[in-house]
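Now for the letters of each chain:
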Amino acid sequence: MKISITTPVTRDKARSLKAGDIVEITGVIYTARDAAHKRMLENLDKGIPLPVDLTDNTIYFAGPAPAKPGEAIGSVGPTTSYRMDAYSPRTIELGLTCMIGKGARNKAVTDAMKKYGAVYIGAVGGAGALISECVKSCEVVAYEDLGSEAIHRLEVEAFPGIVIIDSEGNNLYETEPPKYAEK
Amino acid sequence: MREVNVSKITDCIKRLCIDANCSLNDDIYFSLKNSLEGEKSPIGRDILNQIIKNADLARKKCKPICQDTGMAVIFIEIGQDVHITGGSLTDAVNEGVRQGYKDGFLRKSVVGDPLIRVNTGDNTPAVIHYNITEGDKIKIDVAPKGFGSENMSKIYMLKPSDGIEGVKNSVIDCIKKAGPNPCPPMVVGVGIGGNFEKCACLAKKALLRPVGSSSDIPYIADMERELLVRANKLGIGPQGLGGSTTVLGINIEAFATHIAGLPVAVNISCHVTRHRSAVI
Numbered sequence: 758m759k760i761s762i763t764t765p766v767t768r769d770k771a772r773s774l775k776a777g778d779i780v781e782i783t784g785v786i787y788t789a790r791d792a793a794h795k796r797m798l799e800n801l802d803k804g805i806p807l808p809v810d811l812t813d814n815t816i817y818f819a820g821p822a823p824a825k826p827g828e829a830i831g832s833v834g835p836t837t838s839y840r841m842d843a844y845s846p847r848t849i850e851l852g853l854t855c856m857i858g859k860g861a862r863n864k865a866v867t868d869a870m871k872k873y874g875a876v877y878i879g880a881v882g883g884a885g886a887l888i889s890e891c892v893k894s895c896e897v898v899a900y901e902d903l904g905s906e907a908i909h910r911l912e913v914e915a916f917p918g919i920v921i922i923d924s925e926g927n928n929l930y931e932t933e934p935p936k937y938a939e940k
Numbered sequence: 006m007r008e009v010n011v012s013k014i015t016d017c018i019k020r021l022c023i024d025a026n027c028s029l030n031d032d033i034y035f036s037l038k039n040s041l042e043g044e045k046s047p048i049g050r051d052i053l054n055q056i057i058k059n060a061d062l063a064r065k066k067c068k069p070i071c072q073d074t075g076m077a078v079i080f081i082e083i084g085q086d087v088h089i090t091g092g093s094l095t096d097a098v099n100e101g102v103r104q105g106y107k108d109g110f111l112r113k114s115v116v117g118d119p120l121i122r123v124n125t126g127d128n129t130p131a132v133i134h135y136n137i138t139e140g141d142k143i144k145i146d147v148a149p150k151g152f153g154s155e156n157m158s159k160i161y162m163l164k165p166s167d168g169i170e171g172v173k174n175s176v177i178d179c180i181k182k183a184g185p186n187p188c189p190p191m192v193v194g195v196g197i198g199g200n201f202e203k204c205a206c207l208a209k210k211a212l213l214r215p216v217g218s219s220s221d222i223p224y225i226a227d228m229e230r231e232l233l234v235r236a237n238k239l240g241i242g243p244q245g246l247g248g249s250t251t252v253l254g255i256n257i258e259a260f261a262t263h264i265a266g267l268p269v270a271v272n273i274s275c276h277v278t279r280h281r282s283a284v285i
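For the protein sequence lines, the chains are A and B, in the order given. When we follow the working numbering, the leftmost residue of the first sequence carries the number 758, and every step to the right adds one. When we follow the working numbering, the leftmost residue of the second sequence carries the number 6, and every step to the right adds one.
Take the hints with a grain of salt, since some may be wrong.
[Said to hold, decoys possible] With the C-beta cut set under 8 Å, the calculated list includes, among others, these residues of chain A facing chain B: (1) Thr837; (2) Val881; (3) Ala884.
[As the list claims (entries may be wrong)] Every beta carbon over 12 Å from chain B, so not counted as near; a handful from chain A, in silico: (4) Pro765; (5) Thr767; (6) Asp810; (7) Glu912; (8) Glu939.
No wet-lab data here; the hints were simulated from the structure. Backbone N, C-alpha and C define an ideal beta-carbon position, used for all residues, glycine too.
Work out the full structure: start from the sequences and follow the hints.
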């Protein structure tokens, strides 16, 4: 059964989602990847406020391809999330409740997810053309000079995902592969 | 001497960049379709179906299969009887990349300096490998490579005493450590022999060979088959969420090496392993 999620995602809502849940996300989400995370947090240290309030917000680790004329966005699949492990514990502390990406996360991230209540949702890596069909609008809201790495505000409808790591630390990457491993 | 104007090379590379990024090669496409039948995980089958649907959509709409349209890796074999006219060959290659990535609405993913990290805005420079061969033709392979999988690649400087078991264990170790990160099902290119940089180039070149093809060297072909079976018993599965489709193909290239060494490079690639070639 698919669970519909409408953003913003509250801490309580994030805590209610369990590893293995198949979800469809509708609402506003923001893209940010390596360079945007680095700049956001370095700026914050200098006293410059975040360009987007992270409270109950969703960050999609992604950098879209350019839109063709008449399209909302180009292909936009997830990027590998571990590169954001250096930043995610802090963004979660700042209010982030939902991350969308692909690939493993480290213990510091899962500890922060447990402590504050956040969820990590996997999208299918390499399915960027298909995922772009769920994006209804896209605008750059910060760091335009970073090109694809700028922060984009996306309105999505029924964006497909699967809860990979939940706020209790259950992790499909740890539980599922051993079921299919053969000697 | 046969003369070839650089503008022909620019046009050719532009076209290959767009084709490679928007239209998945048949070998990978049919390998994905074939893997559906053997996939034991229901989630794994669902993911494989999404991946196939994505490739169909990308081809239909001439849209990038994956938003990471990569760094453009270009192999150029130039016949020694060709005279290139009209300007710099390297400039012509980069111009082809520039035009392809702009006109094809492909993502510009290259920063000009690895530490200062400012995007060059046109996906240049490309990584270009030149080779001189016999004849009067120019063969061009364009292989855009995303970095989700590139980051999971490794070089193992083994000892001769590690032997074939050492080589096999290195390949499996690399796939295991990559886990869910490189967008499995993966395609794996392996280079054995040469020296530090030669084995890495061999591994990259191995990825140009179609999935399902075998090495001409019988014992290497046996190793390819054995490693594919072993890799698919790891359980990693599509997207690392468990299953029996972890690797679509393992291609190995070998070269002479030094009496003291046994270098092995493992270049991990994803289910959007791309390349296109042309001869001028």
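A quick look at each hint next to the structure:
1. Thr837: holds (5 Å)
2. Val881: Hint on Val881 of chain A: holds, closest Cβ of chain B at ~5 Å, below 8 Å.
3. Ala884: holds (4 Å)
4. Pro765: holds (25 Å)
5. Thr767: Given a closest Cβ separation of 26 Å, the condition holds.
6. Asp810: Its Cβ never comes within 12 Å of chain B, the nearest being 26 Å, so this holds.
7. Glu912: holds (18 Å)
8. Glu939: Check fails; 4 Å does not lie beyond 12 Å.
Hint check: a violation occurs at hint 8 only; the rest are consistent with the structure.
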